[in-house]
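**Q** Chains as they are written, first to last, in this note's numbering: chain S, 1 to 271; chain G, 1 to 127.
Read the hints as simulated data drawn from the structure, not as lab findings.
Don't take every hint at face value.
As the list claims (entries may be wrong) - Simulated pairs of lysine-lysine, DSS-like, Cα-Cα distance not exceeding 30 angstroms: (1) G:4 / S:34; (2) S:38 / G:33; (3) S:35 / G:4; (4) S:258 / S:35.
In case you want the letters, here they are:
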Amino acid sequence: MTLAEFYSALEAMGISLVFLMLVFVPMEKVFPAKKHQKILRPKWLLDFCFFLGQYLLWSGLVLWTLNYFADYLTSIIPNSFQQKIASQPFLLQVFEVLVLSDFLIYWGHRLQHNVDFLWRFHKVHHSAEHLDWLAAHREHPLDSIYTIGLINLPAFIMGFPLESIAGVIAFRGIWAIYIHSNVRLPIGKLRILIGAPELHHWHHDLDRRAGNYANISPIMDVIFGTYKCPDKEPEKFGIQEETPNSYLGQLIEPLLPKRVWDRIKQGSEKL
Amino acid sequence: MKNKIIKVATLTLFSSLIIGFVAFQSGYFGGKKSSVSGSPNGSTLINQADTIQKVDSIKWKKSFLISSSKSFVIHDPLKGLEDSTKLDSSLQIDPLIYSSKSGIIVTPEDLKKMVKDSLEQDSIKRK
Ligand SMILES: [Zn+2]
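Please work from the sequences and hints to get the whole structure.
**A** This is the structure we're talking about:
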């Protein structure tokens, strides 16, 4: 990364930070899900490190990997297949891309909770004990590559230009942050179409297999029997495992075998 | 009563910002279209491709800043710059710099100067 690129990432980060605070802080104050949670609640700084890391350190790596992956896919998928897809009515293509993407992310996410190797990385996201818009950014970069890869896979395979539905993509992006926010706002039937914080908060329950794996529409959860919607908030968010308290620790711990990590931890405790 | 006003105001702010953001990302007010879905856990919001494609990123940032600051200028400063280049050949900026796909790196300072120039007057050429 050149200095100019870093500067530009810094600016994007600053703009996003101000924008996201404008969008979510008033909502969290006026319609709180947990009434006594402060804006600067415990561990906000750790989540802020993840936020900074996403913009300043990892976005380039994630995008590079994704490009690499997309190029590879283009090289193996027959052109005739993509042409056949392209000849379908546009709205049908949009429907296919969104449903396939939701389907993949549902099962991909369920696997993240059930397969230990994937959980190692995904548990970083779940280690947050206080949920809000900032906690949404707590995510291991390798976990990001996995989910962003899956979510874009149908579009890559179909050769569908996502920029033609950039508005939909943008909405899904900001809504994904919203469902983590400390907000409770009854939106009625719309919930089944776009999801809501009260559903995703249950996904962050201490129970690792609590359900609600879909992030936008909960339809996949309804179909596959993991939908959960009690009318109260979970008592506690987080995970049962012990997790590192520092940003660096959270990044490194999933990469190392458990005994190596334990040895490092013991060493640092002795110091 | 007061409570209700606060609630309505908050909801209005929330929905207008979201609508504005969606519109911006779909290419209104000169925003750059997002071509990749971010992580459903809420990853980097503003199109990540921009941090890689340097020149493009500068282009959208400019549009963002302009459309968000009080003036709602739906006028592309870069276009203005192109026009002024045509009129004034003494302008010493390589036209390649602002063709969006070229990989030449412009620092934000340069850009600010260019944008300012195209909006006000050509101070660069006086150097
Ligand atoms: Zn999860």
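**Q** Keeping to a limit of 30 angstroms between CA atoms, is the pair of residue 38 of chain S and residue 33 of chain G held or broken?
**A** 35 angstroms, violated
**Q** Residue 35 of chain S and residue 4 of chain G were given as a pair; does the straight-line alpha-carbon distance stay at or below 30 angstroms?
**A** 18 angstroms, holds
**Q** Given the hinted pair residue 258 of chain S and residue 35 of chain S, is their alpha-carbon gap at most 30 angstroms?
**A** Violated, because 38 angstroms separates the two Cα atoms, which is more than 30 angstroms.
**Q** Can the restraint linking residue 4 of chain G and residue 34 of chain S be considered satisfied, given a maximum Cα separation of 30 angstroms?
**A** The given pair, whose Cα atoms are some 20 angstroms apart, holds under the 30 angstroms limit.
Violated hints, in rising order: 2 and 4; the structure is consistent with all others.
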